[in-house]
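Asker: Spelled out from the first residue to the last, the chains are:
Number of protein chains: 2
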Amino acid sequence: MQLPENFQKTTRNAVKRLPARGHYDQETIYQILDAGFICHVGFVIDQQPYVIPNAYGREGNTLYLHGAIGNRMLNQLAYGLPVCITVTHTDGLVLARSAFHHSFNYRSAVLFGTGRLVAEEKKEHALKVITEQILKGRWDEVRTPNPQELKVTKVLAVTIEDASAKIRTGGPKDDEEDYALPIWAGVVPLQTTIGQAIPDAALDPAMSLPPSVRKLTEPVNS
Amino acid sequence: MQLPENFQKTTRNAVKRLPARGHYDQETIYQILDAGFICHVGFVIDQQPYVIPNAYGREGNTLYLHGAIGNRMLNQLAYGLPVCITVTHTDGLVLARSAFHHSFNYRSAVLFGTGRLVAEEKKEHALKVITEQILKGRWDEVRTPNPQELKVTKVLAVTIEDASAKIRTGGPKDDEEDYALPIWAGVVPLQTTIGQAIPDAALDPAMSLPPSVRKLTEPVNS
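So the protein sequences, as listed, match chains A and B.
So the first sequence is numbered by the numbering used here: it starts at 11 and just counts up by one.
So the second sequence is numbered by the numbering used here: it starts at 11 and just counts up by one.
Treat the hints with care, since some could be wrong.
Copies of the same chain look alike in the list, so a pair counts if it fits in one copy or across any two.
Derived pair list, reagent style DSS-like, types lysine-lysine, alpha-carbon separation capped at 30 Å [stated by the list, open to error]:
{"hint": "1", "residue 1": "183", "residue 2": "19"}
{"hint": "2", "residue 1": "19", "residue 2": "146"}
{"hint": "3", "residue 1": "183", "residue 2": "164"}
{"hint": "4", "residue 1": "146", "residue 2": "161"}
{"hint": "5", "residue 1": "138", "residue 2": "183"}
{"hint": "6", "residue 1": "26", "residue 2": "161"}
{"hint": "7", "residue 1": "183", "residue 2": "133"}
{"hint": "8", "residue 1": "138", "residue 2": "164"}
{"hint": "9", "residue 1": "225", "residue 2": "161"}
{"hint": "10", "residue 1": "183", "residue 2": "132"}
{"hint": "11", "residue 1": "225", "residue 2": "19"}
{"hint": "12", "residue 1": "161", "residue 2": "133"}
{"hint": "13", "residue 1": "133", "residue 2": "19"}
{"hint": "14", "residue 1": "225", "residue 2": "26"}
{"hint": "15", "residue 1": "26", "residue 2": "164"}
{"hint": "16", "residue 1": "161", "residue 2": "138"}
{"hint": "17", "residue 1": "133", "residue 2": "26"}
{"hint": "18", "residue 1": "146", "residue 2": "132"}
{"hint": "19", "residue 1": "146", "residue 2": "183"}
{"hint": "20", "residue 1": "132", "residue 2": "26"}
It is worth saying that the hints were derived from the structure and are not from the lab.
Generate the whole structure from the sequences, applying the supplied hints.
Answerer: Structure (structure tokens):
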């Protein structure tokens, strides 16, 4: 499928509040998706909205979701119901002098599409995409799925039909007259950090960390 | 309002997959909510689901959401549309010997309810609840909202009608025959960490960090 360089702005994906923070280009949206691996999947059954956290993997303009064969969400979405998938990174607390101007630094992407089941013979590839999204290099280190495991796994593909991103960076913006107040203002950065890997108790203590985990836990410049 | 000690299990909130990980007691659900401040709000307009990240504050069995007066989501929810609000904490990557048994450690709470607008005279209190959820002690440090700011702020209250939590902790669970494989398995912990506060450029450099930020950034035992 040809990927659009920009998602078209529609009534569905247009950023309504603070439109200056809205982005519709593929590069920005994909960067936000590629920086994470947990999304919130929204779908509707009998007028009732559901929002369920799930792992994902992105390949081109497609997001893969997976679950057990009986997974209600995937079963519903496989009928081609409209789905909204949101990925959010919270980068900081923005503390202004006034309560009113408190905010966050964040990057979020809101995607719209419909789901379809991934065929049996393409499941393994989709599961690789999801595994690699979570931890790059892991797929080649593990025992890959056997036919029975593939059979009991459901994989859904969602083509991104339209999408938008919303990004805030930088310090607080206060009202002119509030700058004179003796109130501390600034940003408290938030970050997801990776702790020291905990080997499974049943593991041979002589076994060293695999490359995938080492890359994740080592400082970038070492 | 009388708070139920346990949310009733209904078709809406029952944990379908891996029911052993499901929790319906208030204490567990409130703990997950109180450990965060960003939720994903799901709602439906014309059959289309939307999932939007938003700050929240919990008070008893009520969640407060706020936004600008023109906020589409809040305007829609104020009509009493059903809403689903989900809060997720990702605590670790669970790396098994087989791709199939890879998982996450996580805590998530999925809430169901309907929204109602908070009356003008109760807005300030609700905004205090939200601000204190984000940063305890901040409300008493800042310039509180003036009448004009309250006027242009919309606040929604959502009573939690039913809810469920799902929690996974601990190491990987592999198939018996896979334990002999020479594949590293274990948990990579993930944590949200707080960086060094960045003072606003316009701030008097002599001004010290306020107690709210100091408490957040100092080690627990100091």
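Asker: Could you tell me which of the hints above the structure violates, numbers in ascending order?
Answerer: Hints 2, 9, 11, 13 and 14 not satisfied by this model.
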